[in-house]
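Number of protein chains: 4
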Amino acid sequence: MSDAEPCHDIAHLAHVELLTPKPEESLRFFLDVMGMQESARAGDSVYLRGWDDYEHHTLKLTASKQPGIGHFAFRAASPAALQRRAKALQATGLGVGWTDGDVGHGPAYLARDPDGHKIEIYYETEWYKPTAALKPALKNQAARYASHGVGVRRLDHLNLLAHDIKGTREFLENAVGLRTTEMIVLDTGVEEGIWLTATNKSYDIAYTHDHTGARGRFHHVTYAVDSRELVLRAADICLEHGVHIETGPHKHAIQQTFFLYVFEPGGNRFEVCNAGARLILAPDWKPIVWTEAERAKGQAWGLQTISTFHTYGTPDAEQNRTLDSDSKS
Amino acid sequence: MSDAEPCHDIAHLAHVELLTPKPEESLRFFLDVMGMQESARAGDSVYLRGWDDYEHHTLKLTASKQPGIGHFAFRAASPAALQRRAKALQATGLGVGWTDGDVGHGPAYLARDPDGHKIEIYYETEWYKPTAALKPALKNQAARYASHGVGVRRLDHLNLLAHDIKGTREFLENAVGLRTTEMIVLDTGVEEGIWLTATNKSYDIAYTHDHTGARGRFHHVTYAVDSRELVLRAADICLEHGVHIETGPHKHAIQQTFFLYVFEPGGNRFEVCNAGARLILAPDWKPIVWTEAERAKGQAWGLQTISTFHTYGTPDAEQNRTLDSDSKS
Amino acid sequence: MSDAEPCHDIAHLAHVELLTPKPEESLRFFLDVMGMQESARAGDSVYLRGWDDYEHHTLKLTASKQPGIGHFAFRAASPAALQRRAKALQATGLGVGWTDGDVGHGPAYLARDPDGHKIEIYYETEWYKPTAALKPALKNQAARYASHGVGVRRLDHLNLLAHDIKGTREFLENAVGLRTTEMIVLDTGVEEGIWLTATNKSYDIAYTHDHTGARGRFHHVTYAVDSRELVLRAADICLEHGVHIETGPHKHAIQQTFFLYVFEPGGNRFEVCNAGARLILAPDWKPIVWTEAERAKGQAWGLQTISTFHTYGTPDAEQNRTLDSDSKS
Amino acid sequence: MSDAEPCHDIAHLAHVELLTPKPEESLRFFLDVMGMQESARAGDSVYLRGWDDYEHHTLKLTASKQPGIGHFAFRAASPAALQRRAKALQATGLGVGWTDGDVGHGPAYLARDPDGHKIEIYYETEWYKPTAALKPALKNQAARYASHGVGVRRLDHLNLLAHDIKGTREFLENAVGLRTTEMIVLDTGVEEGIWLTATNKSYDIAYTHDHTGARGRFHHVTYAVDSRELVLRAADICLEHGVHIETGPHKHAIQQTFFLYVFEPGGNRFEVCNAGARLILAPDWKPIVWTEAERAKGQAWGLQTISTFHTYGTPDAEQNRTLDSDSKS
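Residue numbers (our numbering), protein chains in the order written: chain A, 1 to 329; chain B, 330 to 658; chain C, 659 to 987; chain D, 988 to 1316.
Calculated directly from the structure, the hints in this document are not laboratory data. Glycine included, every Cβ here is placed at the ideal spot set by N, Cα and C. Mixed in with the good hints, there may be bad ones.
[As the list claims (entries may be wrong)] Some chain C residues flagged as far from chain A (calculated, every beta-carbon gap over 10 Å):
#, residue
1, Glu696
2, Asp758
3, Gly851
[Claimed, not checked] Keeping only pairs whose Cα atoms sit at most 30 Å apart, straight-line, the calculated DSSO-like set for lysine-lysine is:
#, chain 1, residue 1, chain 2, residue 2
4, A, Lys297, A, Lys118
5, C, Lys824, D, Lys1126
6, D, Lys1126, C, Lys955
7, B, Lys416, B, Lys615
8, A, Lys129, B, Lys626
9, C, Lys787, D, Lys1105
10, C, Lys824, C, Lys745
11, B, Lys468, A, Lys286
12, C, Lys797, D, Lys1105
13, B, Lys626, C, Lys680
14, D, Lys1009, C, Lys944
15, A, Lys166, B, Lys468
16, A, Lys166, A, Lys118
17, C, Lys723, C, Lys680
18, C, Lys797, D, Lys1153
19, B, Lys464, D, Lys1009
20, B, Lys464, A, Lys297
21, D, Lys1122, D, Lys1105
22, D, Lys1122, B, Lys351
23, D, Lys1074, D, Lys1273
24, D, Lys1105, D, Lys1153
25, C, Lys797, C, Lys723
26, B, Lys468, A, Lys297
27, A, Lys135, B, Lys468
28, A, Lys297, B, Lys495
29, B, Lys458, A, Lys286
30, D, Lys1122, C, Lys955
31, D, Lys1009, D, Lys1105
32, C, Lys680, A, Lys135
33, A, Lys139, A, Lys87
34, D, Lys1284, C, Lys745
35, D, Lys1273, C, Lys793
36, A, Lys297, A, Lys286
37, D, Lys1009, A, Lys297
38, C, Lys776, B, Lys626
39, A, Lys139, B, Lys626
40, B, Lys495, B, Lys626
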């Protein structure tokens, strides 16, 4: 395959494992407030999905001493693609090795990104088979529309914090095989934030600079709903359920995502979003580069970015600096 | 590349050439009612785009004796992908050969689908450069949001009529490199309709059976807006402008598209749609097969499909049967 | 008060008593699918409300041999207004007399409209006091937002069938004190349908001609949601719950209501609507008169009115003709 | 009429005269960005309306040295109601006297509110007669739907600044005949803000305390659109047109209005809003009283109120203190 050809080895972001010190309350949040569906339980984990997620799960909720991310996974486009990616990851020196997989999917190649977050790639997956109660009226959707709570449709993207954004971007582009669609570059030339995609969504994953010096931290995970009106409705539902809204609903300038950020009971940031009909269709899309001056304008309609958005991640930075990150999951 | 790997040679549906016997009225419809933007004029054609279409144009409107489709085009994912597709098309015996391209794009390989529709594939393209008046406030969108008329965002999909649906599907899968996501199969086993994609959209192109015996006919072309509310607003705008609404707004069972079908002044059917957050992310998606019984239920919420939807295409079937289809464009 | 002054004795449509032969299934429909809230049970009745209805109830669901309407009620604007209306109703010869009221409201004057439907007017009412579980986050709304099911906000309007539309209109205008905002008048000069209001809503009640010869029949009762998108979501929820959708979502030409008509399990037609920001603010609004030709155009965007909409009411016309209507409730 | 009966002498807020030092730019804002329709020009004024405003105009835009409000007007419910209100206003000592009216309406009684704002009440009005180009497809709306720009539907409410909120409230309740629906009362017992209505809208006018000591200042005037999605679209349009967005879109806790505040070129604050299906139907609604603590929570979803919202009004406070306010219009 020539260098000029876009890599399509990664099909899409597949799932995220979220750690929570309040597993029961976090579960209630995802089931009752967000309207997610439960697929399975195993050990300290509950496996969840949005009503139109086609795989067994897209969220693995695991009890833990502190909040944060356990691991995240991409699904490869084919068995051969998985092998190519495993080889590329191994070549970076950041590869950890093959795992047997997990409930819902087959063998996965495990690596660490340069900041230490655990990343898996797998191909074999279990398609979600709806129970009788969750059988949809239209057979081209994964499960019954969730008519309680927010009713998130599907996993949209993941946002992590990292020390070395440029190094992370090169790792994601070259070893994982993603494409950068937008980025923030400071006046010094240092990369501050990156948004990458494996699909026609404008991003599947984003990283922004962790100013605290901590490693391996989580910023947020995002599920999509079908319209901006349903993001507004999500805000109304969070208000009624006493869920703390950090910021939004509003529209990002970067990527133009219509967002709502809240905190789940375990302390992790969670986003409900809608992107309208925006897609990246160009195979040769050139990354949009945002400058400090442009970023100082705030969000699309002028909202100043709330300060916690730049500082808060999970786990808490102080604790995390001294953690043995391997003990996390 | 092994057979098991999905083909990504086609990046996306790129543009459609629509023929109109009323060029001036059709142009007013696309500019004033649909809120499209004009990129260029050349010969009997005007080149148009939605406000977030990144290419020079996605609609070529050409004066002609009768309505219908001139040709349509896909953009290849890379120069090498274009060569592979040209070779594959040539191998079918349906290849016509290379053209120099057109305003806005470079060399294209021209073929005919089994029903005679002209299909082009190209790679080199001219990115749309907004004029000062159309420069967007946010630099990650192609042009200024169209705040007059419907304001369609981008080309979504194309729907054609054909005699041999199965043969067409095999051509599109094997020679063009698309994936089938949904289809209608009659109780006799005959394929009646097919929906195929090159992207994460659930379809880029669809074909349904032309019962009239005519060849090379056009059913509709569709542009997307950002929400169902904006499709409803499109209906209000069409009502005020005296545009004939054939059916909708309503939601298809197949593909679940929220649709509005109208006729542009030249007689061609035109759709405004929204698909919410629905995407096909699975690299191994198995086509959804709809039966006659399922289809008899009507659209998603029970609307019976209007009869003209099954019979009307452009050009008129009677005329078309006796036409030398080469003289069309 | 001079004749030229608009009468404001009626504050608003207050509640509707719906009869159902399937009380348990009807209740599940209103609670689970429509997301209504239960206020009380007494005898064969359950009292229900939308989440922002300020009174104890707006829907009284009563077990009965056949579906239809038990009675409906308006709330008067003041005690004096109630007395004036009682006197006016009595003067028509259609007054029945005072009742002690019901769970949730005080003394009511009961009358029959010219077609025999029971109509009550009262002033004293019990404001809904939310339980702890239903206490809203914002104290300017009646109860917690219903985040399950459709989540209808408030009672909107009532639609009845009647033999003599003109006589009914005169009764409603003169004795009840409503204002006609729109009407259908046939080419013969006969009134076919009327829409009247007590508020700035464009209608609180409508009557259309019952072609069957039956008396006292019910057409539908309607609850409002906050946007057209939420009416579309209601259709999705009805689809998933196996609720029969008669027609819609679509927009009426008359009154421009965005509608969804379904049947609750007892056989009564039920509507979910949104009217956008439309209000009748003019104190001297002249009724809009629709002709047969205008009506033949169908609904706003061209949907032909489904035939059952013109013929189906509850109870069934055959049975009803021979009923002693007094035994209904 | 007994004291217990609600007064219905005022039908609705009718129009607002806005002063602008940049008449041409302000006019372009209202016509091109907000999509309003022009009814007439006379002297230094242009008369404008939303597409479903039934009267000749709801906004009178007048060239002036500085921004602010010229006057505002209510329409009375009847000629007799107008006489009653004139008498009541005269009795307060704040009456100025009768005027001949203006383009679009008949004789008006002019008074000053306690802060000096000019308030008129009239009954005779000119219904808007659409030109051929603005004739609507459906005859139950005032004019053709404005499909360019924001396309505001109708005047919604007016917000003014005043020194003595309690005195103003008593004036509006007793002399004008409005009902208070919500208010802010400080811990000291001093009233800080009031929202009053003449209709089933939850407010037609609001006043908040002017902390600067200036008199007769304007806070904002608001037009309604049909959905929250259209408020979001309005923000997108403002962004593209370089219109300064002060705050929003977001949802107020008080009155729950979904808002977008911008500045028109003349310096006046302008709001686009949607209230969903919220109405005040109770004839005996008790005002909702918000405390300092409740108000400190910010807007409904937690947005802190932007500081300019508490301080900025037109004209500028410094200039206004020394102005002869009679020279304003």
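Structure-based check of each hint:
1. The claim that glutamate 696 of chain C lies off the interface holds: its Cβ sits roughly 17 Å from the closest Cβ of chain A, which is beyond the 10 Å cut-off.
2. Separation of aspartate 758 of chain C from chain A is adequate, the least Cβ-Cβ distance of about 37 Å exceeding the 10 Å criterion.
3. Look at glycine 851 of chain C: its CB is around 32 Å from the nearest CB on chain A, clear of 10 Å, so calling it non-interface holds up.
4. A distance of roughly 34 Å separates the Cα atoms of lysine 297 of chain A and lysine 118 of chain A; the hinted pair therefore is violated under the 30 Å criterion.
5. For the suggested pair lysine 824 of chain C and lysine 1126 of chain D, the alpha carbons sit about 22 Å apart, so the restraint of at most 30 Å is met.
6. Distance hint between lysine 1126 of chain D and lysine 955 of chain C is fulfilled; the C-alpha atoms sit about 13 Å from each other, no more than 30 Å.
7. Between the alpha carbons of lysine 416 of chain B and lysine 615 of chain B the distance comes to roughly 27 Å, so the proposed pair stays at or under 30 Å and holds.
8. Restraint check for lysine 129 of chain A and lysine 626 of chain B: satisfied, since their Cα atoms lie roughly 24 Å apart, inside the 30 Å limit.
9. Only pairs whose Cα atoms come within 30 Å are accepted, and lysine 787 of chain C paired with lysine 1105 of chain D is rejected, the gap being roughly 41 Å.
10. The hinted pair formed by lysine 824 of chain C and lysine 745 of chain C meets the criterion: a straight-line CA distance of about 22 Å does not exceed 30 Å.
11. Taken as a hint, the lysine 468 of chain B and lysine 286 of chain A pair is honoured in the structure, with Cα atoms around 12 Å apart against an allowance of 30 Å.
12. This hinted pair does not check out: lysine 797 of chain C and lysine 1105 of chain D have alpha carbons roughly 33 Å apart, beyond 30 Å.
13. Annotation: proposed proximity of lysine 626 of chain B to lysine 680 of chain C holds, straight-line Cα distance about 26 Å (limit 30 Å).
14. Only pairs whose Cα atoms come within 30 Å are accepted, and lysine 1009 of chain D paired with lysine 944 of chain C is rejected, the gap being roughly 39 Å.
15. The straight-line distance between the Cα atoms of lysine 166 of chain A and lysine 468 of chain B is roughly 22 Å, inside the 30 Å bound, and the hint therefore holds.
16. The suggested pairing of lysine 166 of chain A with lysine 118 of chain A holds, with an alpha-carbon distance near 18 Å, which does not exceed 30 Å.
17. For the suggested pair lysine 723 of chain C and lysine 680 of chain C, the alpha carbons sit about 9 Å apart, so the restraint of at most 30 Å is met.
18. Our distance criterion of 30 Å between C-alpha atoms is met by lysine 797 of chain C and lysine 1153 of chain D, whose separation comes to about 22 Å.
19. A C-alpha spacing of about 25 Å is found between lysine 464 of chain B and lysine 1009 of chain D, which places the hinted pair at or below 30 Å, so the restraint holds.
20. A threshold of 30 Å between alpha carbons decides the hint, and for lysine 464 of chain B with lysine 297 of chain A the separation of about 18 Å falls inside it, so the pair holds.
21. As the CA atoms of lysine 1122 of chain D and lysine 1105 of chain D are separated by approximately 34 Å, the hinted pair breaks the 30 Å bound.
22. For the suggested pair lysine 1122 of chain D and lysine 351 of chain B, the alpha carbons sit about 25 Å apart, so the restraint of at most 30 Å is met.
23. In summary, the hint linking lysine 1074 of chain D to lysine 1273 of chain D is supported, as the alpha carbons are separated by about 27 Å, within the 30 Å threshold.
24. Of the supplied pair hints, the one linking lysine 1105 of chain D and lysine 1153 of chain D holds, its CA atoms being roughly 18 Å apart against a limit of 30 Å.
25. The suggested pairing of lysine 797 of chain C with lysine 723 of chain C is violated, with an alpha-carbon distance near 41 Å, which exceeds 30 Å.
26. Our distance criterion of 30 Å between C-alpha atoms is met by lysine 468 of chain B and lysine 297 of chain A, whose separation comes to about 13 Å.
27. For the hint linking lysine 135 of chain A to lysine 468 of chain B, the alpha-carbon distance of about 43 Å lies beyond 30 Å, and the restraint is violated.
28. Restraint check for lysine 297 of chain A and lysine 495 of chain B: the C-alpha separation of about 54 Å exceeds 30 Å, so the hint is violated.
29. Straight-line distance between C-alpha atoms of lysine 458 of chain B and lysine 286 of chain A comes to about 14 Å, which keeps the hinted pair within the 30 Å bound.
30. Between lysine 1122 of chain D and lysine 955 of chain C the CA atoms are separated by roughly 18 Å; this keeps the pair inside 30 Å, and the hint holds.
31. The hinted pair formed by lysine 1009 of chain D and lysine 1105 of chain D meets the criterion: a straight-line CA distance of about 22 Å does not exceed 30 Å.
32. For the hint linking lysine 680 of chain C to lysine 135 of chain A, the alpha-carbon distance of about 25 Å falls within 30 Å, and the restraint holds.
33. Simply put, lysine 139 of chain A and lysine 87 of chain A have alpha-carbon atoms about 38 Å apart, too far for the 30 Å limit, and the pair is violated.
34. At most 30 Å may separate the alpha-carbon atoms for a hinted pair to count; lysine 1284 of chain D and lysine 745 of chain C exceed this at roughly 50 Å.
35. Restraint check for lysine 1273 of chain D and lysine 793 of chain C: satisfied, since their Cα atoms lie roughly 18 Å apart, inside the 30 Å limit.
36. In summary, the hint linking lysine 297 of chain A to lysine 286 of chain A is supported, as the alpha carbons are separated by about 23 Å, within the 30 Å threshold.
37. The suggested pairing of lysine 1009 of chain D with lysine 297 of chain A holds, with an alpha-carbon distance near 26 Å, which does not exceed 30 Å.
38. Proposed proximity of lysine 776 of chain C and lysine 626 of chain B is contradicted: the alpha carbons are some 39 Å apart, above 30 Å.
39. A threshold of 30 Å between alpha carbons decides the hint, and for lysine 139 of chain A with lysine 626 of chain B the separation of about 13 Å falls inside it, so the pair holds.
40. Pair hint lysine 495 of chain B plus lysine 626 of chain B holds up; C-alpha atoms about 24 Å apart against a cutoff of 30 Å.
The structure fails hints 4, 9, 12, 14, 21, 25, 27, 28, 33, 34 and 38 (numbered hints given earlier, in ascending order).
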